[in-house]
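Engineer: Listed here are the chains, written in short residue letters.
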Amino acid sequence: MNTQVELRDPNLIMKLSRLGSFHQSKLSFLRSFLREFKDWEYKRDSFDLNKFGYGTAVYSFKKNSRTYSLVCFANELNEKERSDRVIATKWDAAFTLYDGIPTQKDIFRLKNEVPKQEVGRLSYKELTLSRANKSVRIFDHVVKSLSEGNQPDRKLLSKVGYLYRTTAVYGSGKFGLADRFRIKDRKEIYGPFRLEMMLVYLVRQFTFDQVNHVAKKINPKKAVLLDLEICRNLGIGNSTGLGMAPFIVNHPTLLNNWIFARETALKKIREIKNIKIEDSNLFKMCLKKSLKNITSWNTDSEYQQKKIESLLNDLHKFITFIDKDFDFSRNFAFNNLYQWIEDNLKEECVEYLVSMMMEPYESITNSLVSQMSSEEEKYFNIPTNRKVSDLKKILEKKYQDILKIDFSKKENNQNFWFISKNKEEPRLADRFAEAGSDLEQPLAIARDIKKLYQALLEKNDDCTIDRFLANNSNLRHVVRRAFIIEKFPYSEIQDNTIGQSIVPIDMLRLKLSFFGALKFDPKSDKWLRICMFQGAPLPIELKNYDAHWVYNSLN
Amino acid sequence: MKSLSEIDTLSKRASRAAGYSWGIAEEVGKNIRILEMFGLPGIKNLNDFYKKKNKEKFENLNLISKKNKTNNFQFCPIMSGTSFLDQVISLEKFKEIKFEKIAYPILFLPFVSRASEIIGKRLLLKLDDKEFLLNFNNNIYSNFIKNEIIEVAKFVSIKFLDNSDSFSEKEWKELYKLSENTFVEETDSLKEGAAGAGLTDND
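Chains as they are written, first to last, in numbering that gives the first Met the number 0: chain A, 0 to 554; chain B, 0 to 202.
Next up, chain A with everything else stripped away, as it sits in the complex:
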């Protein structure tokens, strides 16, 4: 007997609270990146820092005739100038990923542009751009300890988890960087955000090399190198604000492909009739080891603390269940387990366990990883020969809950998204308290879908979309989206992104979980800190590493 499992309902999965409960998995980009680049040749090409750690360094990944080089510029920064906010204009270090091997002339040019970040100009030879600030407390402690011949305090390191945190990573044509179309046919970087992951990964290595270098300069005779195990357990931090939120609204087919891959993986796992004992053991082992990542998850955010507490409680409940009452030798064990999870545990834990279920199944996830990109241009044109009746049916089927929202109520129309003038960054504000709602960005999809539906109700069913659009140009952006969701069921957030109760960091969390971030640490409802690559193998270890490194953290 076969069990045919349905994909989970987008109307359930695409709710913001659910998306905001997603965790990293085998599908996450940083894990895919490491797997895809493990046989590339890693090299530190140059390292020209002064005794304070300021200067230039170049790192590269090379395979056959292709080279990607990270160019790092470390600068002196006054304490008062150090800020993680997007309005900052100076950083401890700035980075760009160069396409090929940079010449001295390139490095000279980049030295003038990269530290300026948003106000600098890059060229098509540069692929990604980023900057980072030290966690000064940790950086100074590590340098001091190493220079005195000691390893740093692991407990202190564990509280933070990184030496540096980035505050933005740009790609895809920003500030003159190479457009996606120039590189999209390269197989090694076909997956989403591979170059951004490469940049962050190499920056992590730079941070280790920098502390070792400075410590050695302080005390050449006594200084020791940072222990490799400690290095492995340090990642790169990241401060992320609302800039990330519109991305998932503005890239509907890409969003669909990420979620669809996750849902397909879950469906295929639930459809496995006989679970091999080694697979169930691996699942249990990863799950139990992963608890360390939760118990070492520090945050001052009450919102997140409650979620972590609930997650831990649910995980203990789940572990007790599988240890005492569950038999993995029964048919379709993961399907039974999933049903129990949905019935007994909260969203945060449900999605945590969905991620964990993928751990034994590289055979399932590997083929899905290659389907997580999107050729978005293909779906841009509106099929204007379709009829009003078609569009109405799509809305009724795909936006069921959204059509029930009453936007005449103030609380459902409370906020608006706009682009700030000073930093050209997305922001969210109260429509009734702040000026500027007349310049609202097209991110109130739920409200506009409802408007579209009401306009369609007044039209004849046989009217074609070209005729409808001739008099309803203001709804064109949502007509396009509706025809996209017809083909891509997970392309739309099934929630109100301008309501009073919106938690914007749910949108960030969704994207960051696909990046592979750990330890979400909300600093408000609009920005958070995370950690990437914590526990990951070092570049010199890539040839042979444990695919489940995420759960090997000593923290």
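Because the hints were derived from the structure by calculation, they are not lab data. Take these hints with a grain of salt, some might be off.
Pairs of lysine-lysine residues, derived as DSSO-like cross-links and limited to a Cα-Cα distance of at most 27 Å, are as follows [to be verified]:
no. : chain 1 : residue 1 : chain 2 : residue 2
1   : B       : K66       : B       : K92
2   : B       : K50       : A       : K422
3   : A       : K420      : B       : K29
4   : B       : K51       : A       : K386
5   : A       : K420      : B       : K43
6   : B       : K65       : A       : K458
7   : B       : K1        : A       : K386
8   : B       : K50       : A       : K173
9   : B       : K29       : A       : K173
10  : B       : K92       : A       : K386
11  : A       : K420      : B       : K51
12  : B       : K1        : A       : K104
13  : A       : K486      : B       : K54
14  : A       : K510      : B       : K51
15  : B       : K54       : A       : K420
16  : B       : K172      : A       : K173
17  : A       : K89       : A       : K143
18  : A       : K124      : B       : K52
19  : B       : K120      : A       : K377
20  : A       : K386      : B       : K29
21  : A       : K124      : B       : K43
22  : A       : K422      : B       : K29
23  : B       : K50       : A       : K420
24  : B       : K92       : A       : K377
25  : B       : K1        : A       : K110
26  : B       : K94       : A       : K422
27  : B       : K51       : A       : K377
For chain A, the structure is supplied; the task is to place chain B on it using the hints.
Structural biologist: For chain B alone, kept in the frame of chain A given last:
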């Protein structure tokens, strides 16, 4: 050099600021990207059009017919282009469509280029004496290569070109004959072992 992504974003935002809906602004972003990618002066024309739009009125052409004449003002290239793109499937039957006075017709062009891809036919666009052969939005062949602003095209026509060969049957056969020189004559024994040999096909 500006990236195409920057060109797309800037054109979209400027279009919204110029008074178009977000959906139309998205179309303009894509279009200016296409123009600049093909080496045509998209940003230059868009910038000039939006400056002029502040001072002058343009007519929106919402429903396109075989012959389109303006009443008072020049046609807006963006709204006319959007209508053409949206309605191209039903317009194909006309074989040729004519317009009078389209302002900044370079901005109208990418809509026609994209329409060519939608219907799977080449379109020949004439803007007064300038000709553009639009090949399925893959490339544009033209006698206009100047990087300049065109404020208006008095006479505009779009011809739907039938999908037909650009060569004669004789030319095809001659080339085929030459290509035969890469084939090898099969011996009888080789023919006997080929797929389907030795069986009755009435099974």
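Engineer: Confirm or reject each hint.
Structural biologist: Each hint tested on the structure:
no.: 1; hint: K66(B) x K92(B); in the structure: holds (13 Å)
no.: 2; hint: K50(B) x K422(A); in the structure: holds (25 Å)
no.: 3; hint: K420(A) x K29(B); in the structure: holds (23 Å)
no.: 4; hint: K51(B) x K386(A); in the structure: violated (36 Å)
no.: 5; hint: K420(A) x K43(B); in the structure: holds (24 Å)
no.: 6; hint: K65(B) x K458(A); in the structure: holds (26 Å)
no.: 7; hint: K1(B) x K386(A); in the structure: violated (40 Å)
no.: 8; hint: K50(B) x K173(A); in the structure: holds (26 Å)
no.: 9; hint: K29(B) x K173(A); in the structure: holds (16 Å)
no.: 10; hint: K92(B) x K386(A); in the structure: holds (20 Å)
no.: 11; hint: K420(A) x K51(B); in the structure: holds (25 Å)
no.: 12; hint: K1(B) x K104(A); in the structure: holds (21 Å)
no.: 13; hint: K486(A) x K54(B); in the structure: violated (43 Å)
no.: 14; hint: K510(A) x K51(B); in the structure: violated (42 Å)
no.: 15; hint: K54(B) x K420(A); in the structure: holds (25 Å)
no.: 16; hint: K172(B) x K173(A); in the structure: violated (51 Å)
no.: 17; hint: K89(A) x K143(A); in the structure: holds (25 Å)
no.: 18; hint: K124(A) x K52(B); in the structure: violated (37 Å)
no.: 19; hint: K120(B) x K377(A); in the structure: holds (18 Å)
no.: 20; hint: K386(A) x K29(B); in the structure: holds (25 Å)
no.: 21; hint: K124(A) x K43(B); in the structure: holds (25 Å)
no.: 22; hint: K422(A) x K29(B); in the structure: holds (24 Å)
no.: 23; hint: K50(B) x K420(A); in the structure: holds (21 Å)
no.: 24; hint: K92(B) x K377(A); in the structure: holds (26 Å)
no.: 25; hint: K1(B) x K110(A); in the structure: holds (20 Å)
no.: 26; hint: K94(B) x K422(A); in the structure: violated (49 Å)
no.: 27; hint: K51(B) x K377(A); in the structure: violated (33 Å)
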